[in-house]
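J.: Each chain, written out:
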Amino acid sequence: MTREIKYFQAIQEATDQAMAADKDVLLMGLGVPGPTGVFGTTKGLQEKYGPDRVFDMPSSENAMTGVALGAATRGKRPIMVHMRVDFAVLSLEPIVNQAAKWHYMYGGRMKAPLVIRMIIGRGWGQGPQHSQSLQAWFAHTPGLKVVMPARPYDMKGMLLAAVQDDAPVIILEHRWLYNLTGPVPEHAYTAPLDGAAVIREGTDVTIAAASLMTIEAMKAADVLAEMGVSAEVLDLRSVAPIDALTLNASLAKTGRLVAADTGHAECGVAAEILAIAGESAFKSLRAAPRRVALPPIPSPTTPALADLYFPGARQIAQEALATLGRDDSVPEDPLPEGRRWRDTPDPSFTGPY
Amino acid sequence: MTREIKYFQAIQEATDQAMAADKDVLLMGLGVPGPTGVFGTTKGLQEKYGPDRVFDMPSSENAMTGVALGAATRGKRPIMVHMRVDFAVLSLEPIVNQAAKWHYMYGGRMKAPLVIRMIIGRGWGQGPQHSQSLQAWFAHTPGLKVVMPARPYDMKGMLLAAVQDDAPVIILEHRWLYNLTGPVPEHAYTAPLDGAAVIREGTDVTIAAASLMTIEAMKAADVLAEMGVSAEVLDLRSVAPIDALTLNASLAKTGRLVAADTGHAECGVAAEILAIAGESAFKSLRAAPRRVALPPIPSPTTPALADLYFPGARQIAQEALATLGRDDSVPEDPLPEGRRWRDTPDPSFTGPY
Amino acid sequence: MGQAGFIAPGDFGPEDHGLSGSGAPAASDAQSIYRHMLRIRLVEERIGDRYAEQEMRCPTHLCIGQEAPPAAVCAHLRPQDLVFSNHRSHGHYLAKGGDLDAMIAELYGKATGCADGKGGSQHLIDLDAGFMGSAPILASTISVGVGAAWAAKLDGLDQVSAIFFGDGATEEGTFHEAMNWAAVAKLPVIFVCENNLYSVHSDMPVRQPPRAVAALGTAHGMPGARVDGNDADAVWAVAKTAMKRAVAGDGPSIIECMTYRWREHCGPNEDTALGYRSQEEFDAWAAHDPLIVGRGRVAASVITTMTDQINAEIDLAFDRAIQAPFPDARELTTHIFPGATA
Amino acid sequence: MGQAGFIAPGDFGPEDHGLSGSGAPAASDAQSIYRHMLRIRLVEERIGDRYAEQEMRCPTHLCIGQEAPPAAVCAHLRPQDLVFSNHRSHGHYLAKGGDLDAMIAELYGKATGCADGKGGSQHLIDLDAGFMGSAPILASTISVGVGAAWAAKLDGLDQVSAIFFGDGATEEGTFHEAMNWAAVAKLPVIFVCENNLYSVHSDMPVRQPPRAVAALGTAHGMPGARVDGNDADAVWAVAKTAMKRAVAGDGPSIIECMTYRWREHCGPNEDTALGYRSQEEFDAWAAHDPLIVGRGRVAASVITTMTDQINAEIDLAFDRAIQAPFPDARELTTHIFPGATA
Ligand SMILES: Cc1ncc(C[n+]2csc(CCOP(=O)(O)OP(=O)(O)O)c2C)c(N)n1
Ligand SMILES: Cc1ncc(C[n+]2csc(CCOP(=O)(O)OP(=O)(O)O)c2C)c(N)n1
Ligand SMILES: [Mg+2]
Ligand SMILES: [Mg+2]
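As you go down the protein sequences, you meet chains A, B, C and D in turn.
Just so you know, the first sequence maps onto residues 2 to 354 in the working numbering.
Just so you know, the second sequence maps onto residues 2 to 354 in the working numbering.
Just so you know, the third sequence maps onto residues 20 to 361 in the working numbering.
Just so you know, the fourth sequence maps onto residues 20 to 361 in the working numbering.
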């Protein structure tokens, strides 16, 4: 039986194995060598690989990304970590104007094998500037590979694959996945950066999701099953590229689509999924496809509003019912005894981060 | 009969009138007071309104956007200009994390009435870092209004409306529109920031487009008319919000959709149009909707590849035919005598900008 | 993680980079400054005490140990002057006269909060007090504060912007861009760097070369001073010169206040056990408590009275916050765009 | 637009911010530097002459008048050293030994270009020569160059990164961030600012306070020097010290070269008619031509021979470029991702 570990441990283990295998792999970011080790994901690695390869940096997201790019052009394979996607907004110039384009614009002479990990925040009042989920921006940018693993197995394998890949790879990790457990082999392995996976088979409706929304989609599928609906859950794994073949194969079977994403709907990943379905699976579609995504509102801090802001399994199930023409409403999961808010992933989470 | 002026003149005139009407309106940006006046759009305004209100700035896109925001919170109405969208990438942090969110996150106590003009480059070897068209990023961001006027009339009216609006407004201006002429009243007027316009009626297929693609769509409609197809052209004018009502009304009539955008397809404005159509006009759709957008490739510099890279009227018409199940091919517009490349909007354009 | 170092309060002594201090606060001013420091301390301690109840559900950065810079700088600010702040904002908010009830309610996520609960601890605001907002993206409010000063200058207003930020924020490029332009435009700005030696758990040597943050002023065309940031009088003296410059139209200044954070970066607990800083270092700075340093100028009995008054005020603020309602569901879609919804 | 000013070549005299020059190039080195300057000049002039034919269809920033910094700095660089450049890149590319044929072909958008035509004038590259690329987003390659130096340091390589940028680029925050980290990590970097007084049409006073760019070095923990950038010997002397520091592991330095652009910001024409700079100013700098300043150390007959040789080389480069094929349509989709397509 495969060992089970948590998502954050899978990240740490993949990084450890990548660094052990290749001395050119570097790890950098605010707090990377610090005592809390970026929520455990970088813990112990400076002790193991030394301060030359694992190191802290100034709060200079822009230039330090350029530094990573420069090192990458000289054969290094830096992994850069941002505790929040929101901070990485400062580094879009080097990521999007430069790293994404250097291979092409120099006629293939340059390579930028860098990996940038960005953590999507949520809950405990993360608010407007600590809970953005901007994968759509990166997916909109040619030259980047953009992945959002939902499960520990994929997280480990895709991080190892990303480090080996010669292109810049953006990995978006949802903070609420960090304590989820799953089977993860102990040895180093890679998982493809570009394929979706059907992680639950069904016949009535396809739920295409990534990252935390994949977990919510699985919960929704359980709820739907009780309501007599057989949902197929597609874990996109990668949002650039999106695996249209697997999506369309699923739609050929179900004819109905709910796309669920942790970002905003407008020009977001959910929009892209609907666009692909419309373009290439139009004949399969038997009902209007639906999106579950953040509303077009900045993220509020108070739990009283945050709980209304973030959609989850219930909204996914509701939209799935809608594709079937049903208007019975999906009940809200009751809160466990003693919990008033849904602003933490589990009760072990007691703030402030 | 209404006077005809060029697009760039409409910008200059709107700015002039906005500044004349309200002394709190400021104009700033690299080269704004310079001798070429940002392709004529800011010409003569420093002479008229003085160096306090019209001024150059250091190459500090990030902080100067914060400066504009700060001034806006104190009652000013700054208009900031970027010669290329690509440069504005450095200012995403203050635009997206701050300006877009300050009204909401401070419970309505703050306002950020700033206007940011960004010019989309193309042609004459603008290449990978001078021809990005990143409207999708802004449209993905709640709290911003994002407009892309295609015609001089709208440009003037929407710029005047943007200056009066209390929200941050992003205006994307395609460089190839600058010399286009159209009727523009001399007096100051506003045009709504949020509605699409049917600018050509048709019955067979709806072409929804914005900015330069609206112009290309009109040409495509001519071509299609010759091929026996009646195309309706919808000028989106605003890409955030997108006017779904007008779109759906058109689709109710035509049942077919081509979305054309100057940006990339993936998670782009064209994706959003298809998503809206799928969600809310599914019953109207009689054929798979199609996108005309940039391929997922950085912009190449050489005209030999740039000419293949940018889609236009021909590709729009071709996709429109496809929605009708036709596979006859639309001929390429012959190049005028003496021109080898399609990398300039018109022969008056002789580089380098 | 390297070995935790030991930097004592006096190790980074005062440096004059063109900005010298002038005078000392009068007795009544010193007492008022002390009262502000004490009030900030007591508010922060109360938040720390009650944070574990898990009713203040937002990231909260306490400024215990760092009370002198806000109190001493704001002592020079007039009602019309403006303050811009960062993630560690409570002291700045209170020193500028921000409403205590609205702040505590904001931490509790209540409708009566200073941002209707939408902002939390990281997004305090009180426009009536001239507290123009705080935001946790490092260095991001610095340019905004410069922009406000620019508006004031354009309007011919006698209005100064004081901008507070940490040592880590000076590593962000936008800080340099903002300094540069404030100097070019000769704006009435006081840049106040609270250098507490750490950015989260990272010490200075991994982040900056060995030079005073105040020395960056010279590079950007403005005078600067590094002072003992736990000595309110020292901060007051250079802030006075900076204020005089700003009001006279002589342009911006930068003040670097050497200080120390007592609690964990974010949250209510002490954290020397983490190992990134030593207990010796902590103890040395705790002994150099701004409330001890400043005590000489205020009678002990006065301090006792102050303490009681402030505690009563804090009791009330917490009571009110806890009793206040949460924002209504409708608030979710309110204030996305100005004027769009009520 | 204000009144065009007048800044003469000597107005911003040398300033020593901790980096002094050492010695002067030997005669043979001086001759080689002169040859580089002359070659850059002649290449740029030829581009200027032929640009109006509209066959070089890309934004092109000529460096006529600014030949000394690339020639004199690169005189110290060894084959293994690296150069990073900006939009005004031709001089840097040529001085570092970039292939002339491939550069001209790149301007013509040909398949034989140094970037297969995909980059154009703004994206030159020649890895064999250690010319690591140029990019027109201001200041963006500065941090990349620092990163390359960091990789070299990690690998224990004896390799220096020289990074060229303009005065305008120093206004970008990333420049400061990169300087800061180069100093923290003590990297083998030479920062070379070509201060030609203008950023497009904007003069210094609207962009920066009155202080030398070289003075920013001090703020960021490294020595700097401002020198006459039209005097190759002066540039050479400080670059020598900077190089020595870099090779010895003593860390980065910054050199500010005061120079002047003769042609319009982008394109082949003269532009004093635009009015943003005066004819007098232009004339003063034209008289202070680096090719005149440097002429004393090279025999006139040698210069004549050089000129002929270089012109022949240029003739050939243009002939080859013009005859070369454009990239095939397949190239559009090639090299989007490494390894994905051939
Ligand atoms: C752009 C950005 N990068 C990183 C962070 C994460 N972060 C929050 S506070 C902080 C430390 C800041 O240190 P300093 O400016 O010295 O302030 P202090 O917390 O010490 O008061 C960091 C790195 C952030 N909020 N914003
Ligand atoms: C981020 C960014 N902002 C603006 C521009 C437009 N731009 C191109 S070159 C230039 C002037 C740069 O001046 P300087 O660095 O002094 O170099 P010079 O052209 O004088 O050699 C500007 C503003 C740009 N390329 N990138
Ligand atoms: Mg600090
Ligand atoms: Mg310049």
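The set of hints was computed from the structure by calculation and includes no laboratory data.
Computed from a prediction, not measured in an experiment: that's the story for all the values here.
One thing to keep in mind: the hints can contain errors.
Output of the computed footprint for chain C on chain A, the stretches with three or more beta carbons under 8 Å from beta carbons of chain C [claimed, not checked]:
#1 32-44
#2 189-198
#3 247-256
#4 290-303
The C-beta atom is built at its ideal place from N, Cα and C for all residues, glycine as well.
J.: Quick check: which numbered hints come out false for this structure?
T.: 2, 3
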